[in-house]
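Here the structure of chain A is known, so what remains is to put chain B in place on it, guided by the hints.
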Amino acid sequence: MTAWLNPLNDLAGGLFLLTAFAMVATRQVRGCLRFFVLQSFCLIASALLIGAMTGVKELFIVAGINLITKPIVIPWLLRRSVPREIYAHREIALALSVPTALLIALAIAVFSYFAGRMLIGGAEVTTLLSNVPIGIAGLLIGAYTIAVRREALPQLLGLLAMENGAFFLGVAFTPQLPLPLIAEIAAAFDTLIIVVPVGILTRSIHERAGTTEVGSLTKLKEERLP
Amino acid sequence: MTPYILYNLVQAAFVIGLSPLFVGILNRAKEMVQSKRGPSIFQPYRDLRKLFSKDEVVSSDATWIFRFTPYVVFTTPIFVTLLIPVLTRFPLFFAFAGDMLAAGSVLALGGFFAALAAIDTANPYGPMGASRTRMVSFLAEPVFMIVFFTVSFVAGSTIPYIVQAKWVTPPANFFEPDHLLLLLAFFMIILAENGRIPVDNPSGHFELAMIDESKGLEYSGRGAALMKWGGYMKLTVLMIVFLNVLLVPWGLSASLDPLQVLLAILLVAMKILAFIVVLVFIESSLAKLRLFRIPEFLGAAFIICVAAMISQLFIGGVS
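Going down the list, the protein sequences come from chains A and B.
Note that our numbering gives residue 211 to position 211 of the first sequence, counting from 1, and the numbers run on in steps of one.
With positions in the second sequence counted from 1, the corresponding number in our numbering is that position plus 1000.
Excised from the complex, chain A in its bound form (with noise of 0.2 Å):
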C-alpha cells in the first residue's frame, strides 16, 4: 500500500531543493520568503509521507507544529516587525552574479549528495537515500544563502532555510531512532526566537542607517543621545 508513497517522497525532494535554488536566485524580497514557505511545504508532506510509510506518530505533530510556525507564523511575524523590507519592490543585492551563485549552489548539492552517501552507508532505507543528501544540501545551500545575499531579511531567510533542511534530514531519521519529541518541539520553537530578536534588530537598523543593505553598513555612524 505504501509503495506509491515513496515516489511522492522523492518528488517532495526534489521540490525542496529547487526551492532552495530559488531561494538563492530569486531578486525580490518577497518571492524570497514565498519560496521559503513552499519549502515548508515539501518538508511538512515529506514528514507526513514519512509519517504514514512508517507509521511514526510523532512525525504528524513534528508536521503539525511546522504547518504552524512556518508557513503561517513566521511570515506573520515578519510583515509585522519588518513591513518595508517585505514589501520593498527593489531588487536585493547578490554577492554574485546569478548564474555564477546557483552554479556553485549546485556543487554545493552535489557534494551534499556524496556526503550523504557516506553518512547513510549501506542501509537500505528508500527514504533515507532521498531525504539524508536533500536535508545536507538544504542545510548548506542555506548557509551559502547567508553568504551570497547583501540583505538582512533574506539573510534571516537563509537561516531558517538551513534549519528547513535540518529537518528534513531529521525526518528520516526519526523512525529509525528514538529522537524524544521533545528535540523536535524545541527546534520549531528556537526559529521562532531567532525570527522576533532578528526582526526587531532589522527594524532598528533601517531607522537607524536607513538601510539593511550589509553592503554599506561599512561605516560607523555616531549618534546624539537625546
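A hint or two may mislead.
[What the hints assert, rightly or not] Here are some chain A residues the structure puts well away from chain B; computed CB gaps all over 10 Å:
{"no.": "1", "residue": "Glu58"}
{"no.": "2", "residue": "Ala186"}
{"no.": "3", "residue": "Gly210"}
[To be verified] Covered stretches of chain A (chain B as the covering partner; in silico rule of three or more C-beta atoms under 8 Å from a C-beta of chain B):
{"no.": "4", "region": "16-25"}
{"no.": "5", "region": "105-112"}
No lab work stands behind these hints, which were simulated from the structure alone.
We put the beta carbon where it would ideally sit given N, CA and C, even for glycine.
Below, chain B alone, put in the same frame as chain A:
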C-alpha cells in the same frame, strides 16, 4: 516493410501539413485572449501561398550559403520527424537511423545555417540577431544534452521510441522527481529555442529587440516561405518530442491498422492543442525578459535538469 516506410512518410506529412495550422491556432488564440478577433487560423497557409508565388530578391553580395539555407531550414525538421514517435508506438522504418543526439544535431544544423545566412548579407540587423540566437542556443545546448542523457539513462537507450516506451508502461515511473524536473527544464528550453515569450517576442517586429525573427529578415519570396515553414515545423517537432516522448506518451497507435493511425492523428493534434493553450497562457501572462536576463532563465533550466540528473543517479538508481 512497405507499410513501415509508408507510415514514416505519413508522419512527415503530418508535420509538414499541419504545422502551419498549429501556429495559426496559436496566433488566433493569443489574439482572442487579448480581446481581439485575430487572423484566421488558416492565415499561415495563405502567407505561405502568397510568398511562394512572389519573386525572390537576393543581394548580389550574397554567397551560396544564403540561397542554400532555406532548404536546410526546411528539411532538417522533416529528418527529425522520421526519427521520433509522432503517430505510432513501435519503431518505424527510419527509427534506428539516428538517436536523440542525432535529432538534436540535425536541428542544430538548421540553426547553424540560419545564423550563417543572417551574417552573409551584411545587413546590420542580421548579424545582431544571429549572434543573439547563438547566445541563446549555446546556453540551451547543455540543458538539451543533460535532458537527453538523463532520459536515456533512465530508459537505457537513446532511441526516442524506446524512451517513450519506458514512460508509457508503468505509470509509477511517471511521478518520479527526475521526470517532472526534466519536463520543466525541457519546457523552458522549448520556449527559448523557438523564440517564445519569456526569451523573445515572436510577434515583435522591432529590429533592435528581435532575436529569432531577425534571421529571416533578408529573405523574400520562396526563401522567406521556406524559412517560415521550417520555423513552424521546428516548433511542432519540439512540441511532439515533449508531448509524445516525455509528458503524455499515451494515445499513439499500437498497430499498423489505418484506423488506429487516424485516431492517433486526432489524439496527437488534440495534445498539441492543449499544449498551445498552455503556451498562450504563458505568452499572455509573462513579459519578455531583458537580453541579459536570458542567461539567468537558461541557467535556471540548467540547474533544474542537473537536479533531475543527480536525483536520478542517487535516488532512482538504487531504489
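Here's how the hints hold up against the structure:
No beta-carbon of chain B is positioned within 10 Å of the beta-carbon of A:Glu58; the least distance is around 24 Å. Every beta carbon of chain B lies more than 10 Å from that of A:Ala186, the smallest distance being close to 30 Å; the non-interface claim holds. The Cβ of A:Gly210 lies farther than 10 Å from every Cβ of chain B, with a closest approach of about 29 Å, so its non-interface assignment holds. For the region 16-25 of chain A, the stated coverage by chain B is satisfied: 4 residues place a CB nearer than 8 Å to a CB of that chain, which reaches the threshold of 3.
Coverage of the region 105-112 of chain A by chain B holds. Counting CB-CB distances below 8 Å, 4 residues qualify, and the rule asks for three or more.
Comparing the model with each numbered hint stated earlier shows that all of them hold.
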